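Student: If you want the building blocks of each chain, they are given just below.
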Amino acid sequence: MSDAAFLGLVRESLFEVAPARKADFAKIELDTRIDALGLGSIEVMEMVTGVEDRLGIILPEDELQRVQSLRDLSKVVVGAGGVVQ
Amino acid sequence: MTNYQTVAEAIARNAEDFPERTFVFQDMNGIETACSFAEIERETAKRAFGLQALGLQKGDRMGVVVVEPRDFVLTFLAALRIGVLPVPLYPPLSFGSLDSYADRTATILGSCKARVIVASESLQNILWGLVGRAHGLEKVIKAEDVAKAEGSPRYPTILPQDLAFLQYTSGSTADPKGVMVTHGNLTANCMAIRERMDIVPERGDKAVSWLPLYHDMGLIGFVLTPVLTAVPTVFIPTLRFIKRPTVWFDALHNHKANMTFGPNFAYALITKRAKPEDKKRWDLSRMTVFGCGAEPIHPGTVREFLATFAECGVKPESFLPAYGMAEATLAMAFKAMYTAPVMNTVDSEQFQQNGVVVEPSEGEPTFEHVSCGAVFAGHQFKIRAEDGSTLPEGMEGEICLFGPSVTPGYWDNPAATSACITEGWLRTGDLGYLRDGEIYVTGRLKDLIILNGRNIHPQAVEWAATVEGVRKGNVVAFSRPGAHSEELVVALETKEQETKALEAAVKLAVQKELGLTVAEVVCLEPGQLPKTSSGKLQRRKTRQQYLTGDLGSEGSRLPGTAANTLTLAKHVARSVWSRAKAAIQL
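Residue numbers (this note's numbering), protein chains in the order written: chain H, -8 to 76; chain U, 72 to 657.
Don't read these hints as lab results, they were simulated from the structure.
The structure displayed is predicted, hence computed values, not measured ones.
Treat the hints with care, since some could be wrong.
Straight-line C-alpha distance at most 20 Å; calculated SDA-like pairs for lysine to any residue [said to hold, decoys possible]:
1. LYS543/U to ALA11/H
2. LYS343/U to ALA9/H
3. LYS566/U to GLU34/H
4. LYS13/H to ALA(-4)/H
5. LYS566/U to PHE6/H
6. LYS607/U to PRO370/U
7. LYS213/U to ASP53/H
8. LYS543/U to GLU34/H
9. LYS566/U to LYS66/H
10. LYS343/U to ALA(-4)/H
11. LYS612/U to PRO479/U
12. LYS566/U to LYS602/U
When you get a sec, could you build the whole thing from the sequences and use the hints?
Tutor: Here it is, written out as structure tokens:
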């Protein structure tokens, strides 16, 4: 999966979680930290769910404990067999 | 109808009397595995033997940190059958801070001198790091290894006055409080719940729960009550619900269930997340109990929930406000069945000023309180004034409870016990009043704000301050010493970058609704307000941090600071060392 495709997925999920902040989310990069997204714990999980749903995969929870940036998240996604069509 | 003296007896007798009834466990993908009462008896017997093979005996404490619902339930019940006292602990959260998790868990395990932790495979590394830190802790065992044991356990005699398990509450790290729960407490509380909820499994009653099993509402309400009343129950992993809240109502619909529970926030979440096609699909007309407890119940949330799901057949009578706390085993009062929730509107000035419940005059500001019903049969409420006297109906004071659900006290903590239990009366620390024999819970005693001699309930300020742009449920009101008297401060979380306008809007809203002047609005980023492990706001800690200038500087509850990676490495390193040492000792 290309980095651009992954970021596109994350962006789409983020737009669903907080539509009002579309402009902020347009600027995300692989090095954007999850805590810099300004989301609450339930919203972070909602974003993760959005990514999972789009790829038809489930990310292992114990690996999410180590995720800090979107780059980390992309590694977990690839590890879980996520392929963007 | 079942009539058991202990949970141990219930597990054995259910297998004979209702072998075909089942607990159904979902995994993270929603794949379901049924476990009949007959199988529960067999599986818990095996695990009980496995625990005894580890050298655990009646009265010994054992940490339980198991994420998978099936393994948790079977391990927990196995311990109860042989008198071993399980101490349920929460697992590390996704994106959480491992350092504070390890500190708190080590303190609890050390306080109850647990020798062993039974844990999920995925948590072995982190938990082995606690061996050597928690006093008396020897080893961490995989839940699946306990299940592999083959043999028959020896069953000690278990009496109603014997302890069943310890429930650690959100006490501070410095002073952990483990509520002692006896088998007698459990049967008393669960039978009272059965009576109030009119549970009749023969009529097809069925429960669904996604609640965490390390918390009293999930554990006692949806594991032990079903065992003691022989009710089939469906378990959804908590994280599955958090990721996809609609799986909750999918399960209610698919299993034709009629009973469930959740905190106020869960009803707000499902109301927000359910899509029109979900609502078209769900038939929830069988539901007799949508229980709501564990945090203050917001009348607006109740109304929105009922309005949203009316098209699925949800009846107002099914919404069941509940009041309880771990020190009362689980619950003290529920709304009566088959009646709509009762809200009481009071004059806010009279209520705040004098703690008196009076009907509001036209145009005056009001508060709305939700009734949690009458106290359970065999129990009594008393509303206590500051001077210790008992207040009449319609007067606000501290809620006290007497009856068989009251804990004998906190584990190895006589000071904390005598501070809250006197001659069998439990001081709950909650504020409330009685009206027509029903209890209205209005706040926490220690959180009460006193401004110019006026009692102010922080919840009222927080609800008023939740204007557009404020993260719902992430607002804390408290007081600070001002030049002449106490002043009101509101700390809140927001995603807005530019907060000037928001601050003004909050001040205006509080002024308009409550007639109070907010001296300062502190805007924080999401995740910066201190909360307990179960997600409750920590008002006192927020105030302390504010006063010491640390509010917002402690980092975030949310994902990943760089320090967390280091922390993880540290915990894993410690874990390897502890394992090696344990291997040598074995």
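Student: Any of the earlier hints contradicted here, and which numbers?
Tutor: Of the numbered hints given earlier, those the structure breaks are 9, 10 and 11, listed in rising order.
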